[in-house]
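J.: What follows is the residue order along each chain.
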Amino acid sequence: MYLSVLALPLMGFLICSIGGRYIGGRGAQIISTGLLMGSVLVGCLIFYEVCLVQTPVYLDVGSWIPIIDLRWGFLFDSLTAVLILVVTVISSLVHFYSIGYMEGDPHFPRFMAYLSLFTFAMLVLVTADNFVQMFLGWEGVGIVSYLLINFWFTRLQANKSGIKALVVNRIGDWGLVLALVIIYSVFKGLDYQSVFSLVPYLVGETIWGFDKLEVVALFLFLGAIGKSAQLGLHMWLPDAMEGPTPVSALIHAATMVTAGVVLILRTSMIFEKAPHVLIFVTVLGGLTAFVSASIGLVQNDLKRVIAYSTCSQLGYMIFACGLSHYSLSCFHLVTHAFFKALLFLSAGVVIHGFLDEQDMRRMGGVFTKFPLTYSLMCIGSFSLLGFPFLSGYYSKDLILEVAGAQWGIATVFVYLLGSVTALFTAYYSIRVLMLTFWLPIRGGQIKSQEGGVFLLFPLLVLASLSIFVGYFVKDMLVGIGSGFWNNALIEETNNLVEGEFLPFSLKMFPIFLAFLGLCLSFSLVGLRLELVRSLKGVYGFLSKKWYFDKIINEWLVAPILNVGYQVCFKFIDQGVLQIFGPVGSMKVFSKISKDVRSIQTGQIYHYVFMFVLGIVFLLAPFESFFLFLGLLAFLFV
Amino acid sequence: MVDITISLVPNLILFVLGLWGLILNRKNLILMLLSLELILLSVNLMFLMYAVLLDDIEGQYFAFYVLTIAAAEAAIGLALLVAFYRLRGTIAVKFMNLMKG
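Which chain is which? The protein sequence lines are A and B, in order.
End of the first sequence = 637 in this note's numbering, gap-free, step of one.
End of the second sequence = 1101 in this note's numbering, gap-free, step of one.
Treat the hints as calculated values from the structure; they're not laboratory data.
Computed from a predicted structure; not experimentally measured.
Careful, some of the hints might be misleading.
Partial selection, computed: residues in chain A whose CB lies under 10 angstroms from chain B [said to hold, decoys possible]: (1) Tyr607; (2) Val612; (3) Gly614.
Mimicking DSSO-like on lysine-lysine, the simulated pairs with C-alpha atoms at most 30 angstroms apart in a straight line are [claimed, not checked]: (4) B/Lys1094 to A/Lys587; (5) A/Lys591 to B/Lys1094; (6) A/Lys594 to B/Lys1027; (7) B/Lys1094 to A/Lys594; (8) A/Lys587 to A/Lys570; (9) A/Lys594 to B/Lys1100; (10) A/Lys550 to A/Lys164; (11) A/Lys160 to A/Lys550; (12) A/Lys447 to A/Lys474; (13) A/Lys369 to A/Lys447; (14) A/Lys164 to A/Lys474; (15) A/Lys591 to B/Lys1027; (16) A/Lys160 to A/Lys570.
Simulated restraints on C-beta separations [to be verified]: (17) A/Phe589 to B/Leu1078: 29 to 35 angstroms; (18) A/Ser585 to B/Leu1087: 54 to 60 angstroms; (19) B/Ile1030 to A/Pro582: 51 to 57 angstroms; (20) B/Val1052 to A/His606: 34 to 40 angstroms; (21) A/Pro582 to B/Leu1078: 36 to 42 angstroms; (22) B/Ile1069 to A/Ile615: 16 to 22 angstroms; (23) A/Ser585 to B/Leu1078: 49 to 55 angstroms.
Built from N, CA and C at the ideal position, the CB exists for glycine as well.
So here's chain A without its partners, still in its complex pose (with noise of 0.2 angstroms):
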């Protein structure tokens, strides 16, 4: 039974992808979205048999590299059973959205395939027992994410936003790469079970003068900081919503991206023994979340504005892990996937509504019109901006109040970094709204109806989720003394308790913070022209997104592709490899025969004397026998 929720999706994958031109557009919908509907019962077992009875499952099924001793298996603990269950749900409400979104779509069967493919790969990498089969379901979802940002692979942008979102992560797969050969060299083993249980004799060993347990902890973040999208490496996110909008809130906003931190998660043993390392990713989670959340402020287009959002909130998951709250960060996983997905699917109805546009500047004035979106679209922003009593206020609240508890300068840092990000997260969630919905129309088409069951039911669940879980499953997943997790997180230095102390001023900073970013948003978007004018300044700085792509552009890819073109391709390939290869030998072969050549000039007297020369040179060593033998003759005579 455990194993179906793996195969169910895996079955809809090659029914669709191989018979997808015998059963239709049609029959891909039925079969892809019940078999996942299948694997949602499913999660839902396994959810109550881990979670609520407390019976981790551990299932071996076969051995597969027997070199290093890797064997496939899946291991199904409570943050795996979380997991699947975020993940099955999330996924068939958008398979089930999906079908009213892409009607009409040619490619139909394809798409269906892709998302169960998605689905397969994801509950791969969440239920792996080894850092190996992990890495397979982290680069099945990888790939998955390009096949399907480019599902419309006429389009040049999202050729291009695919290969970008390939490439960037790259760079991540490369550090996650290196910390598989690390852990191997480390701990002569893969599996979760040996590594993490030898973890504690390994604290202080070094390596080439570093920690070992820091290198790991360092290259496992780097794979993390290239999925989920960090500082330096999310670039990729925002191009990736030229994707269809069901993607981008399947994959893009509530599990692929959270890849990284549920790396981050699972190996919480090894970060836990890692204190540096763990700064560092409090305060890259940090400044991820203030930067991208900053540069969601200006954007015009909707998605692109979810886009940034969704950076930002992983920002938050990461800097929870960085503070050593590992439920905490799950626990915002888990309502921001709901609230997330809501946003987005709502968006991908407002733009079927406005026609296929998504420039927020021409839109507006539809919420008479689209009652039901709108009204959702508000419970996803307000869970989203952290609003009280709604499932993202219970996490994210949580978060800066733990961060808040902890004295350092790293954590005083991310939260006041966390509390201007809260700001930000209402000014752009109701400037979304207002343009959307509020201010008057300015341009653009609408349809004359909201959207059928399948758009609005996905919505309804979605909607209901995001106002409810964050309150029912508080206690459970962070509450104090929960023995929920068993295990499954190692949690060192747990201040929940010292957070709740906090003074009531200190509490209540990033609600007044939000609070405020929502009037200000009131009142900016209103008045336009003498405010922007005043910042023109920053607002070129941040639509132009901290100039990242520009700095890294210019300044690092250009001299690689430099030193690639002129080093690599001129020098080393087309010249000294060229050289001393083909057209080198060529040339010389080409030169001995034409001087070889010439010595056969055709007149018989050279050949005569070359005959003559050959014959002297031929008999030189027998010279001396030539000698005695005369010498005999002339004593015989």
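Starting from the structure of chain A, add chain B where the hints point.
T.: Using the frame of chain A, we list chain B on its own:
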């Protein structure tokens, strides 16, 4: 007794003269044939001298063989010469370079 130097050195000189005739000759094919005859005769002479020196009659046998073969070779060579002249209109060795690489 015959002195080995007196008996063999003229032969050698004749042989080398024949060789030079072959190598240095740029004029015509007849000179070449003559040089070839010279070489053969010098070798013949050497056979005979050795036959005397070593007191062995086999050298004389060989001299006869070589004489007959030299006669045949001269006949063939002259026939080739005539054929070549008919074909090319010249017997200059300098222009015999059809085998040039």
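J.: Which hints from the list above does the structure break, by number from lowest to highest?
T.: 3, 4, 12, 14, 15, 17, 18 and 21
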